[in-house]
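*Asks:* Sequences are here, hints too, so could you generate the full structure?
If you want the building blocks of each chain, they are given just below.
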Amino acid sequence: MSAVLQIDGLNKSFGGIKATDNLNLSVQKGELHAVIGPNGAGKTTMISQLCGSQRPDTGRILYAGRDITTLPPHKRAHLGITRSYQITSLIMEMSVIDNVALALQARDGHSFRFLRPARSLSHLRDKAMDLLGKVDLTAKAEHRTKALSHGEHRRMEIAIALASDAELMLLDEPMAGLGSHESMQMVELLRGIKGQHTILLIEHDMEAVFALADRISVLVYGHIIATGTPDEIRGNEAVQHAYLGEE
Amino acid sequence: MTTRGWITLAVMALLGVLPPLFFLTGNPFYLDLATRLVILAIAAVSLNLILGYGGLVSFGHAAFVGLGAYAVGIPAHHWLYTGWGDWATMGYVQLPLAVLACAVFALLTGLVCLRTKGVYFIMITMAFAQMIYYLIVSIEEYGGDDGLVIDTRSQFAWIDLDNPLQLFGLAYVSLIVSMVLVRLIVNSRFGMVLQGAKGNPDRMATLGFNVYVFRLVAYVISGAMAGYAGALLGNFTTFISPEMMDWSRSGELMFMVILGGASTTVGPVLGAVVFIVLEEVLSHFTIYWHLPFGLLLMAVVLFVRGGLAGMFGRKED
Numbered sequence: 001m002s003a004v005l006q007i008d009g010l011n012k013s014f015g016g017i018k019a020t021d022n023l024n025l026s027v028q029k030g031e032l033h034a035v036i037g038p039n040g041a042g043k044t045t046m047i048s049q050l051c052g053s054q055r056p057d058t059g060r061i062l063y064a065g066r067d068i069t070t071l072p073p074h075k076r077a078h079l080g081i082t083r084s085y086q087i088t089s090l091i092m093e094m095s096v097i098d099n100v101a102l103a104l105q106a107r108d109g110h111s112f113r114f115l116r117p118a119r120s121l122s123h124l125r126d127k128a129m130d131l132l133g134k135v136d137l138t139a140k141a142e143h144r145t146k147a148l149s150h151g152e153h154r155r156m157e158i159a160i161a162l163a164s165d166a167e168l169m170l171l172d173e174p175m176a177g178l179g180s181h182e183s184m185q186m187v188e189l190l191r192g193i194k195g196q197h198t199i200l201l202i203e204h205d206m207e208a209v210f211a212l213a214d215r216i217s218v219l220v221y222g223h224i225i226a227t228g229t230p231d232e233i234r235g236n237e238a239v240q241h242a243y244l245g246e247e
Numbered sequence: 001m002t003t004r005g006w007i008t009l010a011v012m013a014l015l016g017v018l019p020p021l022f023f024l025t026g027n028p029f030y031l032d033l034a035t036r037l038v039i040l041a042i043a044a045v046s047l048n049l050i051l052g053y054g055g056l057v058s059f060g061h062a063a064f065v066g067l068g069a070y071a072v073g074i075p076a077h078h079w080l081y082t083g084w085g086d087w088a089t090m091g092y093v094q095l096p097l098a099v100l101a102c103a104v105f106a107l108l109t110g111l112v113c114l115r116t117k118g119v120y121f122i123m124i125t126m127a128f129a130q131m132i133y134y135l136i137v138s139i140e141e142y143g144g145d146d147g148l149v150i151d152t153r154s155q156f157a158w159i160d161l162d163n164p165l166q167l168f169g170l171a172y173v174s175l176i177v178s179m180v181l182v183r184l185i186v187n188s189r190f191g192m193v194l195q196g197a198k199g200n201p202d203r204m205a206t207l208g209f210n211v212y213v214f215r216l217v218a219y220v221i222s223g224a225m226a227g228y229a230g231a232l233l234g235n236f237t238t239f240i241s242p243e244m245m246d247w248s249r250s251g252e253l254m255f256m257v258i259l260g261g262a263s264t265t266v267g268p269v270l271g272a273v274v275f276i277v278l279e280e281v282l283s284h285f286t287i288y289w290h291l292p293f294g295l296l297l298m299a300v301v302l303f304v305r306g307g308l309a310g311m312f313g314r315k316e317d
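From first to last, the protein sequence lines stand for chains A and B. The UniProt record's numbering numbers the first residue of the first sequence as 1 and each following residue consecutively. The UniProt record's numbering numbers the first residue of the second sequence as 1 and each following residue consecutively.
Don't read these hints as lab results, they were simulated from the structure. Don't be surprised by glycine CBs; every beta carbon is placed ideally from N, CA and C. Accuracy of the hints is not assured; some may be wrong.
[As the list claims (entries may be wrong)] A few chain A residues that don't get close to chain B, going by computed Cβ distances all over 10 Å:
{"id": "1", "residue": "Gly-15"}
{"id": "2", "residue": "Ile-17"}
{"id": "3", "residue": "Arg-66"}
{"id": "4", "residue": "Thr-69"}
{"id": "5", "residue": "Asp-231"}
{"id": "6", "residue": "Gln-240"}
[What the hints assert, rightly or not] No more than 30 Å apart at the CA atoms, straight line, and that leaves these computed lysine-lysine pairs for DSS-like:
{"id": "7", "chain 1": "A", "residue 1": "Lys-134", "chain 2": "B", "residue 2": "Lys-117"}
{"id": "8", "chain 1": "B", "residue 1": "Lys-117", "chain 2": "A", "residue 2": "Lys-146"}
{"id": "9", "chain 1": "A", "residue 1": "Lys-29", "chain 2": "A", "residue 2": "Lys-194"}
*Replies:* Structure below.
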């Protein structure tokens, strides 16, 4: 197997706090790799550096063998990296389908078009409808995003991540704030797309992580202390001490 | 059709019919008032593209209007005093010049302004506008802060701008064209990105859009349109002064957009109508009209969400 994403010696500090401390991680092509860690372990900071919204102080990020450490977010998106947000990050004033259609349009590459109504473009609209079908939101397509529930927003995030058809999906706590029923729906949803994309999943929900992940890395104080299969992680003493035992 | 659509039609119909009627029945003053209103409405419509749909609160829009007016006045000045040929008074030269000059100014200032956000963007657009203001004040050739009389209006073969009815007609048609244009742009793929960037720029960048470039293009289009409005304004007043570019003028344009309803097609026009008509009516009653005027405007902004257009139908229409 080849590494799609390779992180070498990443460091990032905010004032006196080391959010990322000599972080090394390698994500294989096609795997669902979960990163777990206690609150404040630097999980979101790591994702931000991977998608380019924050620049590491030192270290390298390789994507498909290419150094992307200093690329801005939109260029990384063109290379095939997409992310979802822990705190829902949608365009609230727009309709649900417009949100997804915009993600498709980004890939379509024809955005400097000034006159033809975007909403009449059937190749974007139909595909957007398909994706909304996958996350069970067809009925809400024309609703304003603001009017949807939190669980529905989380599913929209997945639809948008899928729309970009990215090779590498960075999912930042897709289960955050979901009820147990909604969480199960989300697990099923992710199980459905697993294998089609390489997924780096950051998640608090242990049940979900152990049910979905091919490999798990444990992040503590900005540093990976262990990587392995779910069974190996379960049996790892250092992990139990640092994290699982305290739950 | 939506309620908002009907309101738009009604407002535009009234605006097209009433002023010429006043003129033909011996009240030329009201046509004058309406011409100024319609021209300012074009500027407000152009501002709405970036302010309403783009979420870019530009506090320097009057600079484009003023530049557009000077693009009419300066060639006309040289035609009269320094022997430039008749081409310098041609509408086909002056109007494109106004549009082009403003597009270039928007491009150069936008490159810098759009690197900033929020309050800083407001301040820096205002700063650039004031720079142009003081630049014009310092050029004595063009009258400095006394302003410049435009001795001859833009010359067209098929229309005579010295005729108030024809000037109004041109302004009115231009307003409709600018409204249609902005509406098309807003609903296009470009417009979707612009609006997406207003709602959530980080998300748009993650999707792969270079938000900066989209905003810059919108800024240039908006500035160019405002420049066109300025060229019309110069033709209407036949006099220009730096005062036209003052930051308070930019504030008025902003007010029209917000009062009428930002990010709606008819909003800026409604805002311009109410602004100009109120100003006119109140100043009849008292020389202290600014006070009730200000209070009324505050009431609308505070109590009517989404501006006047927001009272009719949903915001997206």
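*Asks:* Run every hint past the structure and note whether it holds.
*Replies:* To see whether the hints hold, each was checked on the structure:
1. Gly-15: The assertion about Gly-15(A) holds, with a minimum of 22 Å to chain B.
2. Ile-17: holds, 22 Å
3. Arg-66: holds, 17 Å
4. Thr-69: holds, 17 Å
5. Asp-231: holds, 34 Å
6. Gln-240: holds, 35 Å
7. Lys-134(A) - Lys-117(B): This hinted pair is violated, its Cα atoms lying about 37 Å apart.
8. Lys-117(B) - Lys-146(A): holds, 24 Å
9. Lys-29(A) - Lys-194(A): holds, 11 Å
Going down the numbered hints, you'll see the structure goes against just number 7.
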